[in-house]
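Could you slot chains B and C onto chain A? The hints should help.
Protein chains in written order, with the numbering used here: chain A, 1 to 89; chain B, 1001 to 1241; chain C, 2001 to 2096.
To be clear, the hints were calculated from the coordinates, so they are not data collected in a lab. Please read all numbers here as calculations on a predicted model, not as lab measurements. Please note that a few of the clues may not be correct.
[As the list claims (entries may be wrong)] Pairs of lysine to any residue residues, derived as SDA-like cross-links and limited to a Cα-Cα distance of at most 25 angstroms, are as follows: (1) B:Lys1160 / B:Pro1116; (2) C:Lys2085 / B:Gly1093; (3) B:Lys1012 / C:Arg2033.
[Stated by the list, open to error] Cβ-to-Cβ under 10 angstroms is the rule here; a few derived chain B residues that face chain A: (4) Ala1035; (5) Leu1039; (6) Phe1121; (7) Val1128; (8) Gly1134; (9) Gln1138; (10) Val1142; (11) Asp1154; (12) Gln1156; (13) Leu1157; (14) Gly1200.
Where is the CB? At the ideal position from N, CA and C, for every residue including glycine.
The residues making up each chain are set out below.
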Amino acid sequence: MNTLYLAVALFLLLTLIAGMWRILHGPTPADRMLAAQLFGTTAVACLLLLSQALEQPALRDIALVFALLAAVTAIAFVKRAWLKKSDES
Amino acid sequence: MRKIKLKILEKKPSLFTRLTLGILMFLLAASLAYAVWSLPTQALGLSAEVAKNVEMSGVSNPVTAVLLNYRSYDTLLELGVLLLALFGVWSLGGVSANKSSFVNPILDFLSRFLVPVFILFSGYLLWVGGFAPGGAFQAGAVLAAAGVLLFLNDWQLERKYSGFSLRFVLVLGLVLFVAIGFGFVFLDRVFLEYPPQLAGGLILLIEAAATLSIGISLAALFLGRDPSVKSDSKIDTGVHK
Amino acid sequence: MEEISILLLFDVLVGLTLVWLAWQTLSSLDLFRAIVLFIAFGLLMALAWVRLNAPDVALAEATIGAGLTGALFLSALAQLSASTKRKDEENKIENS
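Here chain A stands alone, though its shape is the one from the complex (with noise of 0.2 angstroms):
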């Protein structure tokens, strides 16, 4: 059962690393900052299979952590840096 945890995060990891490509090329910030929100969740997910299979129920607090404070990123991403977008060159 181990190993299909280890496997799927794993996976997981992967698509993160494919995720990037949006980081880099994304045409406008909103992109960006969406595969970086993205990048959370996935982070999340990776955490707690690593909790399960390593046996560190610790690593549930972090991914609770990151799902709790993924918002403030975002919010501060629409408050600071999106509103203004209206007046972009």
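This is chains B and C only, laid out in the frame that chain A set:
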């Protein structure tokens, strides 16, 4: 948002510069690699000592034991560094308040919903630090995230709290830490040594105060100006109108 | 020993991606792109600390990286673009 580009990166340096830098970097990397390579594979370290004495420290998480008991001097000075950083930022004058004209109802609801959860989670991290990963710094950072969320939502600290009350909370962690550290000097112990039977409670007390101070300091650093100075009387930020 | 080989692959991938992300962040000309790359770097760094068996550090990295630095950098960028815009306008007035 206008794209800001780093002009310094736009023109390429000469071949000579790049070659010299490349060789220097290679030498640095090689010496670092050599240093890592020559480390003993089985480092002795102090982890065995820590594990042996962890019962005396009052907490069962060895990291917290090191940070707040064996090496509490470091943690004490770190609190001081954070406070100094905040004074440095305040002394620079500060950025103008970045206010948007309308209240977003979704954002308003979200921050009302999330801020109590952040505060609860901060308390959880503080408590769990005694026996599992967690502790004052992490709890303080989560508390600061709640503050950041409020500031992003154009929340302002009421003026009556931004003077003495704010400064009191900012120095609370440091003052309590030093006070407890000195308190036992009069009872024939060295500075920052706690009696083992009281250590658990004292560490929790210090950590609780430190969490508040760290959280408020980090949030104030995000704000970037002294809230007791009126925000509309804008201080010169180096850009003249 | 499938588990160990999967974990080894995981570690190698995290390590390589971290170095690559760091390079991309430092060499990015667009500051917004650099910020988003740095946020992603923080996430992967937390995973790396987890794999290095340092959950305390991972927790600190996660709280600071996800909650504070991203928001701080984005606010700083907004401030910076506002001030450079003001400077540009001043230059225009002076030149005309």
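Against the structure, the hints come out as follows:
1. B:Lys1160 / B:Pro1116: Roughly 22 angstroms between the alpha carbons, so the hint for lysine 1160 of chain B and proline 1116 of chain B holds.
2. C:Lys2085 / B:Gly1093: Between lysine 2085 of chain C and glycine 1093 of chain B the Cα gap is close to 21 angstroms, so the pair holds against 25 angstroms.
3. B:Lys1012 / C:Arg2033: Judged against 25 angstroms, a Cα distance of about 20 angstroms means the pair holds.
4. Ala1035: violated (30 angstroms)
5. Leu1039: Constraint on leucine 1039 of chain B not satisfied, violated at 25 angstroms.
6. Phe1121: At 6 angstroms from the nearest chain A Cβ, phenylalanine 1121 of chain B passes the 10 angstroms test, so the hint holds.
7. Val1128: This hint holds: valine 1128 of chain B lies near chain A, its Cβ roughly 7 angstroms from the closest one there, short of 10 angstroms.
8. Gly1134: Holds, because the Cβ-Cβ distance from glycine 1134 of chain B to chain A comes to roughly 7 angstroms (cut-off 10 angstroms).
9. Gln1138: holds (8 angstroms)
10. Val1142: holds (7 angstroms)
11. Asp1154: This interface hint holds because 9 angstroms falls under the 10 angstroms limit.
12. Gln1156: violated (15 angstroms)
13. Leu1157: Violated: closest Cβ of chain A sits about 18 angstroms from leucine 1157 of chain B, beyond 10 angstroms.
14. Gly1200: violated (20 angstroms)
Hint compliance for this structure: hints 4, 5, 12, 13, 14 are broken, all remaining hints hold.
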